[in-house]
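Between the sequences and the hints, there should be enough to build the whole structure, so can you do that?
The lines below spell out each chain.
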Amino acid sequence: MLILTRKLGEKITIGDEITVTLVEIKGTQVKLGIEAPKHIEIHRQEIYERIREENLSSSDINNSDLSKAIALYKSSGLSKGSKREKN
Amino acid sequence: MKIKTTRFGTIEIKEEKIIKMPLGMLGFPDKKKFIILQHKENSPFFWYQSTDEPELAFVITNPFLFIPDYKIDLKATLKEMSWNGEGDNSYLELFIVVNIPKGMPHKMTGNFIGPVLVNSKVYEAVQIVLSNSPYTHRFPLFKKN
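In order, the protein sequences belong to chains F and Y.
Sequential numbering of the first sequence, starting at 206, is according to the numbering used here.
Sequential numbering of the second sequence, starting at 105, is according to the numbering used here.
The hints are simulated quantities; they were obtained by calculation from the structure and are not laboratory data.
Careful: at least some of the hints might be erroneous.
Mimicking PhoX-like on lysine-lysine, the simulated pairs with C-alpha atoms at most 20 Å apart in a straight line are [unchecked claim]:
1) F:279 <-> Y:144
2) Y:225 <-> Y:211
3) Y:211 <-> Y:247
4) Y:247 <-> F:279
5) Y:144 <-> F:273
6) F:243 <-> Y:108
7) Y:121 <-> Y:225
8) F:273 <-> Y:211
9) Y:247 <-> F:273
10) F:231 <-> F:212
11) F:212 <-> F:243
12) Y:137 <-> Y:118
13) Y:121 <-> Y:135
14) Y:124 <-> Y:137
15) Y:211 <-> F:279
16) F:273 <-> Y:108
17) Y:118 <-> Y:106
18) Y:211 <-> F:243
19) Y:118 <-> Y:136
20) Y:118 <-> Y:225
21) Y:206 <-> Y:247
22) Y:136 <-> F:243
23) Y:106 <-> Y:124
24) Y:206 <-> Y:183
25) Y:183 <-> Y:247
26) Y:144 <-> Y:108
27) Y:179 <-> Y:211
28) Y:124 <-> Y:144
29) Y:179 <-> F:243
30) Y:108 <-> Y:135
In silico negatives: residues of chain F with every beta carbon more than 12 Å from chain Y [stated by the list, open to error]:
31) 238
32) 240
33) 266
All C-beta atoms in this analysis are idealised placements derived from N, C-alpha and C, irrespective of residue type, glycine included.
Structure, rendered in structure tokens:
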């Protein structure tokens with residue numbers, strides 16, 4: 206890992222298109238400003254990981270568990286079933 | 105056109121009805137085309153089936169069935185996707201990805217911080233990442249348990 210020391214307000218450039226600015230330092234927290242082209246997705250890592258993991262395990266759901274979940278849903282009184290008309 | 109799926113066999117679908125996801129689902133950036141299939145009639149759950157990968161399908165549902173006042177700010181997403189439709193949002197559909205721990209359907213959860221927004225006018229979709237959200241990625245859908 207490349208480690209650089211920066212002072213408040215200083216920047217790091219990554220490639221031609223990405224700039225990271227150290228915007229604020231407060232105790233153990235730092236605030237970073239990131240400028241990058243639209244096609245580069247920037248996320249807090251823990252949020253990204255959570256969503257990625259939920260996607261991954263959702264893609265592993267089996268038919269029988271889902272059928273049981275539907276039965277549970279119908280008996281739970283949450284709704285009278287849902288329709289999706291557009292298709 | 106015909107689409108192969110492991111769960112539903114081969115499906116015939118009009119090409120223009122395929123939902124394009126320029127950024128893919130998080131963790132699956134190279135799968136960019138999907139269709140929505142209902143699991144069973146009157147089921148609140150749908151399969152978000154990849155048309156590139158027969159085995160890949162996520163289970164999604166309508167978040168408002170479980171959190172009726174679920175609220176997220178779509179402004180940035182609409183701008184990013186260039187979907188600004190002069191205040192008309194009727195062509196937008198919101199889904200969440202759900203999960204079932206193996207063999208425990210009563211423990212089903214929904215991910216309310218990574219909803220999928222589908223634009224049924226242009227057949228495009230995007231998974232939204234909610235960073236500062238009051239919601240959780242594992243919200244129990246059946247509260248009793």
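Going down the list of hints, with the structure as the test:
1. F:279 <-> Y:144: 12 Å, holds
2. Y:225 <-> Y:211: Not satisfied, since the Cα-Cα distance of roughly 35 Å exceeds 20 Å.
3. Y:211 <-> Y:247: 9 Å, holds
4. Y:247 <-> F:279: It holds: about 14 Å lies between the C-alpha atoms, which stays within 20 Å.
5. Y:144 <-> F:273: 12 Å, holds
6. F:243 <-> Y:108: 33 Å, violated
7. Y:121 <-> Y:225: 10 Å, holds
8. F:273 <-> Y:211: Given pair residue 273 (chain F), residue 211 (chain Y) holds - Cα atoms ~11 Å apart, limit 20 Å.
9. Y:247 <-> F:273: Since the Cα atoms of residue 247 (chain Y) and residue 273 (chain F) sit roughly 16 Å apart, the hinted pair holds (cutoff 20 Å).
10. F:231 <-> F:212: Holds - the C-alpha atoms of residue 212 (chain F) and residue 231 (chain F) are around 13 Å apart, at most 20 Å.
11. F:212 <-> F:243: Distance of about 27 Å is beyond 20 Å: violated.
12. Y:137 <-> Y:118: Roughly 13 Å separates the two Cα atoms, so the pair holds.
13. Y:121 <-> Y:135: 16 Å, holds
14. Y:124 <-> Y:137: 5 Å, holds
15. Y:211 <-> F:279: 15 Å, holds
16. F:273 <-> Y:108: 25 Å, violated
17. Y:118 <-> Y:106: OK: residue 118 (chain Y) and residue 106 (chain Y) at ~9 Å, within 20 Å.
18. Y:211 <-> F:243: 38 Å, violated
19. Y:118 <-> Y:136: 17 Å, holds
20. Y:118 <-> Y:225: 15 Å, holds
21. Y:206 <-> Y:247: It holds: about 18 Å lies between the C-alpha atoms, which stays within 20 Å.
22. Y:136 <-> F:243: 18 Å, holds
23. Y:106 <-> Y:124: Since the Cα atoms of residue 106 (chain Y) and residue 124 (chain Y) sit roughly 16 Å apart, the hinted pair holds (cutoff 20 Å).
24. Y:206 <-> Y:183: 38 Å, violated
25. Y:183 <-> Y:247: Answer violated: residue 183 (chain Y) to residue 247 (chain Y) is near 36 Å, above 20 Å.
26. Y:144 <-> Y:108: Satisfied, since the Cα-Cα distance of roughly 19 Å is no more than 20 Å.
27. Y:179 <-> Y:211: 33 Å, violated
28. Y:124 <-> Y:144: Given pair residue 124 (chain Y), residue 144 (chain Y) is violated - Cα atoms ~24 Å apart, limit 20 Å.
29. Y:179 <-> F:243: 15 Å, holds
30. Y:108 <-> Y:135: The hint holds at about 14 Å.
31. 238: Nearest chain Y Cβ is 15 Å from residue 238 (chain F), so the label holds.
32. 240: 15 Å, holds
33. 266: Residue 266 (chain F) is in fact no farther than 12 Å from some Cβ atom of chain Y, at 5 Å.
Of the numbered hints listed earlier, those contradicted by the structure are 2, 6, 11, 16, 18, 24, 25, 27, 28, 33.
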